[in-house]
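In full-length UniProt numbering, the protein residues as written are 1 to 266.
Where hints are given, some of them may not hold.
Simulated restraints on C-beta separations [stated by the list, open to error]:
no., residue 1, residue 2, range
1, Pro125, Glu161, 35 to 43 Å
2, Lys108, Trp6, 32 to 40 Å
3, Asn262, Asn94, 55 to 63 Å
4, Pro125, Leu181, 15 to 23 Å
5, Asn262, Ser99, 31 to 39 Å
These are calculated hints, taken from the structure and not from any lab test. Yeah, the Cβ is synthetic: ideal placement off N, Cα and C, and Gly gets one too.
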Amino acid sequence: MEFEKWDEILTPYDHAVEELKVKFKNIRKEFLAKGEYCPIEFVTGRTKKIASIISKSKRLGIEDIEGEMEDIAGIRIMCKFVEDIYTVVELIQNRCDMSIVYAKDYIKNFKDSGYRSYHVIIKYPINTIAGSKEILCEIQIRTLAMNFWATIEHSLKYKYEHYIPEELAVRLRRASDAAFLLDQEMSEIREDIMKAQVMCQVKSVTVRDVLSKIQELYNLGETHKALIYQRRLDKIDNEQDIEEILHLQSEVDNLLEFYNNNNKVR
Numbered sequence: 001m002e003f004e005k006w007d008e009i010l011t012p013y014d015h016a017v018e019e020l021k022v023k024f025k026n027i028r029k030e031f032l033a034k035g036e037y038c039p040i041e042f043v044t045g046r047t048k049k050i051a052s053i054i055s056k057s058k059r060l061g062i063e064d065i066e067g068e069m070e071d072i073a074g075i076r077i078m079c080k081f082v083e084d085i086y087t088v089v090e091l092i093q094n095r096c097d098m099s100i101v102y103a104k105d106y107i108k109n110f111k112d113s114g115y116r117s118y119h120v121i122i123k124y125p126i127n128t129i130a131g132s133k134e135i136l137c138e139i140q141i142r143t144l145a146m147n148f149w150a151t152i153e154h155s156l157k158y159k160y161e162h163y164i165p166e167e168l169a170v171r172l173r174r175a176s177d178a179a180f181l182l183d184q185e186m187s188e189i190r191e192d193i194m195k196a197q198v199m200c201q202v203k204s205v206t207v208r209d210v211l212s213k214i215q216e217l218y219n220l221g222e223t224h225k226a227l228i229y230q231r232r233l234d235k236i237d238n239e240q241d242i243e244e245i246l247h248l249q250s251e252v253d254n255l256l257e258f259y260n261n262n263n264k265v266r
């Protein structure tokens with residue numbers, strides 16, 4: 001197939017990958033902006049290379065590449081905890097801008113190799129200058145530990161052309177069990193970690209809010225009061241005292257409300 005033809009085929013997949021990355025990253029931003037725990041740690045994506053598409057189609061006997069190959073467009077979502085994976089799956093299920101074709105849970109039903117992940121195959125509508133079409137895309141959702149293991153296994157498969165020596169395969173399976181044991185241990189302390197992360201995010205959002213209100217005081221010409229609050233915020237922030245930061249936020253809010261009410265009376 002000529003390069004121009006490949007370019008025409010793959011362009012919608014490139015667009016889909018970029019759009020989906022933005023959408024899932026925006027989900028993360030929404031959670032963080034609200035000061036809530038986010039099940040998404042980070043998002044990556046890629047369009048399968050031409051050589052890989054040709055190799056896979058020959059290996060699996062795929063003739064209709066666009067209709068049968070589900071992972072030309074690929075999105076990978078990393079999570080901290082196994083529980084987060086299923087939360088992300090629910091987020092995908094509830095969206096109206098993509099439809100799930102099917103899903104495979106390789107966490108509860110892991111592969112003989114030790115591979116663990118959650119795969120969701122979706123149909124995603126894309127618009128190009130040539131018109132609109134639905135394409136298939138594979139979304140892989142994993143913990144960081146699962147992703148580390150899968151990355152190593154992928155490299156070894158590439159080195160050994162998909163036939164990893166048995167002795168090495170046994171060691172990989174043991175490593176997979178160890179990685180999953182780490183995930184299970186982390187799940188045991190998940191509540192404490194989540195609370196700590198939420199508290200950190202609340203602090204970040206509150207500090208940002210106080211800073212914007214101190215700037216309002218500067219704008220009102222209350223430079224002296226603004227400097228006092230700025231110094232107090234710097235001191236409290238260094239001490240990591242969230243209660244004091246919230247108290248300072250309330251003080252600044254009340255002062256601004258006082259100034260705004262006086263301005264209305266005038």
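Consistency of the hints with the structure:
no.	hint	verdict
1	Pro125 x Glu161: 35 to 43 Å	holds (36 Å)
2	Lys108 x Trp6: 32 to 40 Å	holds (37 Å)
3	Asn262 x Asn94: 55 to 63 Å	violated (47 Å)
4	Pro125 x Leu181: 15 to 23 Å	violated (41 Å)
5	Asn262 x Ser99: 31 to 39 Å	violated (56 Å)
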